[in-house]
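Chemist: Turn these sequences into a full structure, and let the hints guide you.
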Amino acid sequence: MHRQKQHIIDYKRMRHIHIHYYIYIMLLLALMPMCVAADDAVAATWQAAPKREMRAVWVTTLNGLDWPRTRATSFASRQVQQRELCQLLDQLKAANINTVLLQTRVRGSVIYPSRIEPWDICLTGQYGVDPGYDPLAFAIAEAHRRGMELHAWVVTIPCFKTAVARQMGSRSVLRTHPELCVRHGEQYYLDPGLPGTEDYLAEVCREIVANYDIDGIHFDYIRYPEGATTFADAKTFKRYGNGSSSKALWRRNNITRIVRRIYRETHAAKPWVKVSSSPVGKYADLTRYSSRGWNARDAVHQDAEGWLREGIHDILFPMMYFDGVHFYPFAADWQEQTAGRQVAPGLGIYFLHPQEKNWPLSTVKRQLYYLRQLDMAGQCYFRSKFLTDNVKGLYDFLRDDFYAFPALVPACPWLSEETPQAPEALQTLVVGDATEQLTWEGPDDLRYNVYASRQWPVDVSKAENLVATALADRHYQYNRFEALGLYFAVTAMNRFGNESPATQATDRAAQPAHQRLKLDRNGHVRGLVIRPRTTAQRKTKVKVQTKSKSSSRKKKK
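Just so you know, my numbering puts the end of the sequence shown at 568, numbered straight through with nothing missing.
Note that these hints are calculated values from the structure, not bench results.
Values in this document were obtained by computation on a predicted structure and should not be read as measured data.
Backbone N, C-alpha and C define an ideal beta-carbon position, used for all residues, glycine too.
It is possible that some hints are incorrect.
What the hints assert, rightly or not - Derived pair list, reagent style EDC-like, types lysine to aspartate or glutamate, alpha-carbon separation capped at 16 Å:
{"hint": "1", "residue 1": "K281", "residue 2": "D224"}
{"hint": "2", "residue 1": "K396", "residue 2": "E95"}
{"hint": "3", "residue 1": "K172", "residue 2": "E95"}
{"hint": "4", "residue 1": "K368", "residue 2": "D407"}
{"hint": "5", "residue 1": "K281", "residue 2": "D412"}
{"hint": "6", "residue 1": "K396", "residue 2": "D407"}
{"hint": "7", "residue 1": "K62", "residue 2": "D386"}
{"hint": "8", "residue 1": "K396", "residue 2": "E367"}
{"hint": "9", "residue 1": "K396", "residue 2": "D101"}
{"hint": "10", "residue 1": "K62", "residue 2": "D412"}
{"hint": "11", "residue 1": "K172", "residue 2": "E197"}
To be verified - Derived CB-CB ranges, DEER-like:
{"hint": "12", "residue 1": "F492", "residue 2": "Q438", "range": "18 to 26 Å"}
{"hint": "13", "residue 1": "A245", "residue 2": "R63", "range": "25 to 33 Å"}
{"hint": "14", "residue 1": "F492", "residue 2": "V336", "range": "30 to 38 Å"}
{"hint": "15", "residue 1": "D444", "residue 2": "S373", "range": "45 to 53 Å"}
{"hint": "16", "residue 1": "S301", "residue 2": "R94", "range": "26 to 34 Å"}
{"hint": "17", "residue 1": "T298", "residue 2": "E276", "range": "54 to 62 Å"}
{"hint": "18", "residue 1": "G207", "residue 2": "Q438", "range": "56 to 64 Å"}
{"hint": "19", "residue 1": "E276", "residue 2": "P61", "range": "49 to 57 Å"}
Modeler: Below, the structure written as structure tokens:
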């Protein structure tokens, strides 16, 4: 009966996928071999950058895969570790990435001073050792200084491998709450069916939300492990199953119960903190396409689409590390089931690497164009090193083409529809021989966006007019000779992403006659001068010169 009901649900789900999505998928798959040479032509049609788009990256701290590379065992090495993070954030900002998902709870250990769990080994080379500063607080401050959001990435159900259990020390969950831990394969996991697991994870998240100015809590592995059929929870099911005849449904309800509680407690404490997760990339089998046994709902008991419908999730970052029929129809399905919330698929860019699947760049390009065509909330990349290392030229492509302009993070109107007041007292001050400073007044708890254009009033609906985003300061400096003839406008934005009307500057400098100018975030004209390189860019081989529009068009031809 349960299977029959689920089949009906699947049929209804497919009926709701717009027919043009289905036709498009069929055409795309049929023409895929011919698309490589046509990528630039496709880009010309689809590349209109939206003003709001989630552009997120997973920054992995497990074993220092993305950060940190240096262990903080002295004052000097601690400074190196901090510089590494700043360089990483500089490079992400230069590519107009606006959201960082920083792995905060790793595997039963954390990267902040916790009263619940021990320090992670990635910081000093030993579990439980204080690195001499608060890495999470440092990362949040540096991300916000660059106008980027930082979400605390919390690995939930997995604890640690059995081989390192003794290294974890007396504050390990295996010592403090052994009754919650189940050995599965060569790793310990929390048992989602135990009420104590919900309490424990809620306490961890409560500690982070209460003590840090994060923009989001991001759940990873909020599910049962691979090979869930052999997960040893028979006693838990017998005790807490309430006579349920379906163990699979009971397991899904266990995960949903954890999600529901943390979502409600998070928003009760700080309503603007977004709650998200990274479910398996396929929710369930579709009528025309099979997940081949690996999906969120049935294989690992993640009812991710149900969380959107119930309103206990703000964003999903499904791990869509696939291509072809395993990617496109399932991406369309996620978009059809958003229930008014946000879905920003995670892309497996590590497959570009020759030691992985050696994908050509065109594979990721097609996925990006398609997701933008579907009007999804944005994209997320796993993981940051494969982006900042410019594997197959992906970093260059994002910075120079796909993310050529900044973007604001999508707003969350279901959390609040309140619109902040527009900035006041906008004025321009000369602060140096070649430097002017735009200043304004407004509340400290808001962030500010700066726009510039040759047209007055400045059209703040266009991404190409964005100059700086999510500024905490109430001023913006630029080279006044490079900004000749440009009008400026400033808006205020609250923590929910709601933006005020624009305050328009009514004066501008003398306008040169020859060409339209466009400022970058540093106040320099795009295509006219080379941007000053950041510390991170000077130490990498990534090309940093902005291409002019003429050279870009020649390339597309």
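Chemist: Taking the hints in turn, state whether each one holds.
Modeler: To see whether the hints hold, each was checked on the structure:
A hinted pair counts as satisfied when its Cα atoms are at most 16 Å apart, and K281 with D224 qualifies at roughly 10 Å. This hinted pair checks out: K396 and E95 have alpha carbons roughly 12 Å apart, not beyond 16 Å. The suggested pairing of K172 with E95 is violated, with an alpha-carbon distance near 28 Å, which exceeds 16 Å. Proximity of K368 to D407 is assessed by CA-CA distance (about 20 Å); at most 16 Å being required, the pair is judged violated.
At most 16 Å may separate the alpha-carbon atoms for a hinted pair to count; K281 and D412 exceed this at roughly 36 Å. A C-alpha spacing of about 14 Å is found between K396 and D407, which places the hinted pair at or below 16 Å, so the restraint holds. The hinted pair formed by K62 and D386 meets the criterion: a straight-line CA distance of about 12 Å does not exceed 16 Å. With a CA separation close to 14 Å, the supplied pair K396 and E367 stays within the 16 Å bound.
For the suggested pair K396 and D101, the alpha carbons sit about 13 Å apart, so the restraint of at most 16 Å is met. At most 16 Å may separate the alpha-carbon atoms for a hinted pair to count; K62 and D412 meet this at roughly 15 Å. For the suggested pair K172 and E197, the alpha carbons sit about 6 Å apart, so the restraint of at most 16 Å is met. The hinted window of 18 to 26 Å between F492 and Q438 holds, with their beta carbons roughly 19 Å apart.
At roughly 47 Å, the beta carbons of A245 and R63 sit outside the given window of 25 to 33 Å. For F492 paired with V336, a C-beta distance near 54 Å fails the hint of 30 to 38 Å. Checked against the hint of 45 to 53 Å, the pair D444 and S373 passes, with Cβ atoms roughly 47 Å apart. The beta-carbon spacing between S301 and R94, approximately 48 Å, falls outside the hinted interval of 26 to 34 Å.
For the hinted restraint 54 to 62 Å between T298 and E276, the CB-CB distance of approximately 38 Å leaves it violated. A hinted range of 56 to 64 Å holds for the C-beta pair G207 and Q438, which are about 58 Å apart. In this structure the supplied range 49 to 57 Å is violated for E276 paired with P61, their Cβ-Cβ distance being about 32 Å.
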